[in-house]
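Novice: Between the sequences and the hints, there should be enough to build the whole structure, so can you do that?
Protein chains in written order, with this note's numbering: chain S, 1 to 121; chain P, 1 to 112.
To be clear, the hints were calculated from the coordinates, so they are not data collected in a lab.
All values derive from a computational prediction rather than experimental measurement.
Glycine included, C-beta positions come from ideal geometry on N, C-alpha and C.
Simulated restraints, written as ranges between beta carbons of each label pair:
| id | chain 1 | residue 1 | chain 2 | residue 2 | range |
| --- | --- | --- | --- | --- | --- |
| 1 | P | Asp-60 | S | Gln-82 | 23 to 33 Å |
| 2 | P | Lys-112 | S | Arg-87 | 32 to 42 Å |
| 3 | S | Arg-87 | P | Asp-1 | 15 to 25 Å |
| 4 | P | Asn-58 | S | Asn-31 | 17 to 27 Å |
| 5 | S | Ser-17 | P | Gly-73 | 35 to 45 Å |
| 6 | P | Ser-72 | S | Ser-17 | 41 to 51 Å |
| 7 | S | Glu-1 | P | Asn-58 | 16 to 26 Å |
| 8 | P | Ser-72 | S | Ala-104 | 19 to 29 Å |
| 9 | S | Lys-43 | P | Arg-59 | 21 to 31 Å |
| 10 | P | Ser-81 | S | Ser-85 | 44 to 54 Å |
| 11 | S | Asn-74 | P | Thr-5 | 31 to 41 Å |
Here are the simulated DSS-like pairs of lysine-lysine, each with C-alpha atoms no more than 30 Å apart in a straight line:
| id | chain 1 | residue 1 | chain 2 | residue 2 |
| --- | --- | --- | --- | --- |
| 12 | P | Lys-112 | S | Lys-43 |
| 13 | P | Lys-79 | P | Lys-55 |
| 14 | S | Lys-43 | P | Lys-79 |
| 15 | S | Lys-43 | P | Lys-55 |
| 16 | P | Lys-79 | P | Lys-112 |
The lines below spell out each chain.
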Amino acid sequence: EVQLLESGGALVQPGGSLRLSCVASGFTFNNYAMGWVRQAPGKGLEWVSDISGNGGNTFYADSVRGRFTISRDNSKNTLYLQMNSLRVEDTAVYYCAKEAGSEAYGHLDSWGQGTLVTVSS
Amino acid sequence: DVVLTQSPLSLPVTLGQPASISCRSSQSLVYSDGITYLTWFQQRPGQSPRRLIYKVSNRDSGVPDRFSGSGSGTDFTLKISRVEAEDVGVYYCMQGTRWPLTFGQGTRLEIK
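Specialist: Right, here's the structure in full:
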């Protein structure tokens, strides 16, 4: 059974930084691309970033490009999202999600439970 | 960016009655490989999203067969043949054909 467990969410001030983690189990992690999707309070889903299975290809939404960095450590079955220069509008629950293959994107077939990031002074 | 427009945004349905949600895309969602990467998700209250349908019409494992997806090009539909209480929640379409990945605004299904 696929399991994705996010952590790292917290209250942070505008301009601050945070690193989210997502530990995966139940599948061969390095065989699958992974992604992050966020959901602001009471709002819809917004794709944030994706990374290929070997970490060589990364993709970002315009709203986070240059501020957020997605990465992975396949030896630890862990996905990361480094978030810098945080803004109030980055406040959201952040979900990690599994893709359908190493270079297969836009599938998001399994999701974690999410971790809440609150950006506020 | 590809804009996905869902309708209706709110859908009150009587138990046992059918329901239908439309998702219209601003561009064709047919990829260069000939496959249309249109996905439907369900988000029950207080839960994470769950994928229901992928590539327009393929049901995920464990999804009841009362859920079905159809459509082509720019127009897609999610249908529930007979709504049950556990179907309450918000439904999103998503396209995976072009970067960035984009979602519809969501349709909130409630029991009338």
